[in-house]
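*Asks:* Per this note's numbering, residue 16 is the first one in the sequence shown, and the count goes up by one each step.
Just so you know, the hints here were simulated from the structure itself, not pulled from any lab data.
One or more of the hints may lead you astray.
Claimed, not checked - Cut-off 20 Å, straight-line C-alpha distance, at most; resulting in silico cross-link-like pairs (EDC-like, lysine to aspartate or glutamate):
1. Lys192 with Glu69
2. Lys192 with Asp289
3. Lys73 with Glu132
4. Lys192 with Glu132
5. Lys73 with Glu49
Stated by the list, open to error - Distance ranges between label pairs, derived from CB positions:
6. Tyr211 with Asn17: 32 to 38 Å
7. Gln159 with Ile90: 14 to 20 Å
8. Leu185 with Pro270: 39 to 45 Å
9. Ser96 with Tyr313: 53 to 59 Å
10. Asn64 with Thr22: 36 to 42 Å
11. Ser244 with Ile90: 47 to 53 Å
12. Phe75 with Met292: 37 to 43 Å
13. Pro254 with Met94: 58 to 64 Å
Note that beta-carbon positions come from the ideal geometry of N, C-alpha and C, so glycine has one too.
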Amino acid sequence: MNMALTTTIFTTLIMGTSITLTSSHWLLMWAGLEMNMLAIIPILMNKNNPRSIEAATKYFLMQATASMIMLLSIILTMMFSGQWSIMYSTNQMISLILTISLIMKLGLTPFHFWVTEVTQGTSLTSGMILLTWQKIAPLSILIQIYPTINQPLIIASATLSSLLGGWGGLNQTQLRKILAYSSISHMGWMLTIMFYNPSISLFNLLIYIMLTITMFSTLFINNNSAILSLSHVWSTSPPVIIIILMNLLSLGGLPPMTGFSPKWVTIQELMKNDNIMISLIMTILALLNLYFYTRLTYSTTLTLFPSSNNTKTKWYFNINKKMIMTPPLITLSTLSLPMTPIFMILN
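Based on the provided sequences and hints, a complete structural model is requested.
*Replies:* What follows is the structure in structure tokens.
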């Protein structure tokens with residue numbers, strides 16, 4: 016894509032999310048989501064091969080279905096309330112329809128199958144945008160209307176997302192699919208705590224976006240897309256392997272990494288609200304994520320894969336990619352745990 020087209024697409028993408036975040040009118044909010052969806056499709060097709068076209072088609076069909084369901088709930092809200100502004104609806108059917116549409120847009124269970132396939136079919140940059148920026152607008156709508164949405168449905172979907180997000184990543188060898196399952200699991204944590212403290216959900220989202228961008232940026236240095244290719248990085252870029260190891264442990268929520276912070280705050284808030292069973296289930300399910308991240312760390316950094324050469328080393332090629340934001344992101348994604356009490360005081 017040329018510069019003018021790229022600028023137009025990314026401007027539309029940012030404007031769509033901004034309209035959804037700042038609007039108090041249902042139709043404007045829906046229009047922002049549509050702008051966002053139509054702008055990311057050319058980004059997903061940037062590789063211009065059958066796999067990326069298939070991924071963009073799957074994404075379009077799923078998001079278009081969710082948009083139609085959401086528009087139905089908006090029209091029903093207009094019929095029952097007589098206004099387009101966002102208000103707390105007392106109609107359970109409208110609330111259920113709206114909740115289902117937002118769950119589909121976020122890729123939560125049971126509508127999570129498209130997330131892994133779309134992420135695997137795109138490039139690393141497109142996958143990063145899909146798993147980070149595209150989560151902001153639907154989650155902001157959920158946080159705005161959380162007092163009236165169907166709580167049992169959200170809790171069940173969040174718990175199953177944490178389960179399937181950890182379970183699905185156990186036997187994966189493709190890094191983009193692993194990060195997609197990680198996204199499903201993290202979304203489950205955000206929705207679990209949303210009813211009790213929405214600001215913690217936003218804190219979870221912030222930490223998740225930071226960790227995911229850091230991980231994708233690190234993989235982008237050597238264009239790693241599979242565990243096998245990642246296992247060969249140690250001979251060309253040893254510091255990158257150490258960074259990936261720390262990022263993986265942080266994504267798994269292992270203390271003292273930054274990724275432990277949102278889980279710590281979430282479990283503490285659930286315990287304050289006497290939800291011992293939910294906090295116990297979420298803690299157990301978090302071990303699934305930690306297990307496959309630890310296994311990935313072991314296979315890529317602590318073992319030597321079979322190699323055809325005898326020297327176990329490769330010619331070192333200088334990396335010409337300018338990764339200006341990677342060093343501060345690495346620092347924030349691994350060493351920010353001591354700042355958690357500050358957030359708790361502000362909250």
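*Asks:* None of the hints should be skipped; say for each whether it holds.
*Replies:* We went through each hint and held it up to the structure:
1. Lys192 with Glu69: Status holds; Cα separation ~16 Å.
2. Lys192 with Asp289: Distance ~35 Å between Lys192 and Asp289 Cα, so the pair is violated.
3. Lys73 with Glu132: holds (8 Å)
4. Lys192 with Glu132: Holds, at about 8 Å.
5. Lys73 with Glu49: holds (16 Å)
6. Tyr211 with Asn17: 32 to 38 Å: Given a distance of about 48 Å, which is not inside 32 to 38 Å, the answer is violated.
7. Gln159 with Ile90: 14 to 20 Å: holds (19 Å)
8. Leu185 with Pro270: 39 to 45 Å: Given a distance of about 22 Å, which is not inside 39 to 45 Å, the answer is violated.
9. Ser96 with Tyr313: 53 to 59 Å: holds (55 Å)
10. Asn64 with Thr22: 36 to 42 Å: violated (24 Å)
11. Ser244 with Ile90: 47 to 53 Å: holds (49 Å)
12. Phe75 with Met292: 37 to 43 Å: holds (39 Å)
13. Pro254 with Met94: 58 to 64 Å: About 60 Å separates the Cβ atoms of Pro254 and Met94, which means 58 to 64 Å holds.
The structure is inconsistent with the numbered hints 2, 6, 8, 10, although it conforms to all the rest.
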